[in-house]
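K.L.:
Those sequence lines, one after another, are chains A and Z. Throughout the first sequence, residue numbering follows the numbering used here, covering 2 to 288 in sequence. Throughout the second sequence, residue numbering follows the numbering used here, covering 153 to 302 in sequence.
Honestly, I wouldn't trust all of these hints.
Okay, derived cross-link-like pairs now, BS3-like style, lysine-lysine, Cα gap no bigger than 25 Å in a straight line [said to hold, decoys possible]:
hint	chain 1	residue 1	chain 2	residue 2
1	Z	K167	A	K234
2	A	K234	Z	K299
3	Z	K252	A	K93
4	A	K206	Z	K299
5	A	K234	A	K152
6	A	K173	Z	K252
7	A	K169	A	K99
8	Z	K252	A	K206
9	A	K234	A	K120
10	Z	K252	A	K169
11	A	K93	A	K26
12	Z	K299	Z	K154
13	Z	K167	A	K206
14	A	K30	Z	K299
15	A	K251	A	K206
Simulated restraints, written as ranges between beta carbons of each label pair [claimed, not checked]:
hint	chain 1	residue 1	chain 2	residue 2	range
16	Z	T293	A	K26	22 to 28 Å
17	A	E163	Z	G275	30 to 36 Å
18	A	Y33	Z	D216	34 to 40 Å
19	Z	E164	A	W282	34 to 40 Å
20	Z	P171	A	G151	33 to 39 Å
21	A	L144	Z	N198	50 to 56 Å
22	A	P205	Z	H245	19 to 25 Å
Facing chain Z, according to a computed beta carbon distance under 8 Å, are these residues of chain A, among others [claimed, not checked]:
hint	residue
23	S117
24	G189
25	K202
26	F227
The hints are simulated quantities; they were obtained by calculation from the structure and are not laboratory data. All C-beta atoms, glycine included, are put in the ideal place defined by N, C-alpha and C.
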Amino acid sequence: MINLTPQLKTQQLTDPMQPEPFRVKRVMKESYDTFTLEMEPVNSERLFTFAPGQFNMLYIFGVGEIPISISGDPNQPAMLVHTTRIVGAVTKAMSKLKAGDVLGVRGPFGTGWPVSAAKGCDVVLVAGGIGLAPLRPVLYQMLAHRDRYGKVVLLYGCRSPEDILFRKELEKWRARFDLEIFVTVDYGDSDWHGNVGVVTKLIPKAPFDALNAVTMVCGPEVMMRFTAIELQKRGVQGDAIALSMERNMKCAIGLCGHCQFGPTFICKDGPVFTYPQLQSWLAQWEI
Amino acid sequence: MKTLDELLHEHEFFKGFKPEHLELMAGCATNVIFEAGEYIFREGENADVFYVIRHGHVTLEIHDPRRGPIAIDTLQENDVLGWSWLFAPYQWHFDAKAVKLTRAVAMDGKCLRTKCENDHTLGYLMMQRFATVLADRLQQTRLQVLKLYD
Ligand SMILES: Cc1cc2nc3c(=O)[nH]c(=O)nc-3n(C[C@H](O)[C@H](O)[C@H](O)COP(=O)(O)OP(=O)(O)OC[C@H]3O[C@@H](n4cnc5c(N)ncnc54)[C@H](O)[C@@H]3O)c2cc1C
Ligand code: FES
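Work the whole structure out from these sequences, hints included.
P.N.:
Okay, structure coming up:
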């Protein structure tokens, strides 16, 4: 039995309520509604160490502050990277930032993906839509220490071929012999020769040993619910399934109660949880 | 070279079928190959067959006059293609195109329907298997229309 719970630790911060100014170095358009910002601290030589799965509170001055997962390489702490999908006021304002602009950063917060617990196991990452961004650091980490893991499999689903994030990187990874990358879209046009159908459809045939696999799932809640069910059908134990949850946040340090989900605070106890920790709450309304 | 009932026996869909049933069904089977880009069937054509995919990659498409072909599902090794042969009016609802070279066993629907009528145990087994395939596809379609990733 693989138990992920002890691996999920929160990193402590010295002044977690004080945003630190970061300057945008580069803006990359990932798709029509998603972009990546690369940033560096304005005032210091600080290296931004983080665990894959952790998030920051990003403050767009005069607009608002929102939680966004770190999507960069944990082995490149000189550059802070975030990938964001435009859904409302703050993300829209963030999408207008250009190289040289400054924003506030608090973090990193929360628990990380169970990367150490996965040593010696097959690793299956299941991502839906923007959910690939918080999982990308796991792939970087595993590629940096590839010999520590069994098979590494990414199952990624999105709406259409235009929605595929990190396309060039996925193509590069797909060409490797030590990674298994499967992408599926809900609808494809005549140029699309890959899989069509929801991401859960990839699970029964994906090449991994269900009894010795650690799985990490990130995407909208409904997608994660059905993915967990499908993984269990395949034989994966519930406590070998880790999920990353989202809720509106304010303080991000377990003080304000904004992100409460059942008996837990997503910001402090999560965002990464094991499936058994969430299972009874996931299908309930208005939680 | 493998016999048709051996090929059927190896396929996920027929797991657990008795040898005598596989032998009966092999009487309705032929080996087929589709080249990449070849249409296996088109919407509205008679559905008098279904395919047991051995290797390859097939897309199910709907043709939209404005947007051209839209792929709505893909099928691969160990999948079955087509259930319209089971129900009147026995017509295909979509286009099916081989994306890669695809090898399959084609099962003659009329021949199978007669065998299922004559042997209700076989008929029940076939209905059970197809019901599972249909339930899986229905579930996936529900998730697809949910816009799962939004
Ligand atoms: C721990 C954590 C990590 C996150 N990581 C990322 C990330 O890496 N990249 C990223 O793009 N987003 C991420 N999010 C979600 C992000 O925080 C929200 O999309 C953001 O707060 C929306 O702010 P807004 O002002 O632009 O939109 P709002 O004005 O708050 O919302 C606009 C509309 O979008 C809807 N909406 C809000 N949040 C979401 C959401 N998460 N998904 C879908 N619809 C939503 C609202 O219901 C509303 O209808 C994360 C959230 C959490 C809690
Ligand atoms: S955001 Fe304040 S308790 Fe979680």
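K.L.:
Give me the numbers of the hints this structure contradicts, sorted from smallest to largest.
P.N.:
Hint check: 3, 12, 15, 16, 17, 18, 23 fail, others pass.
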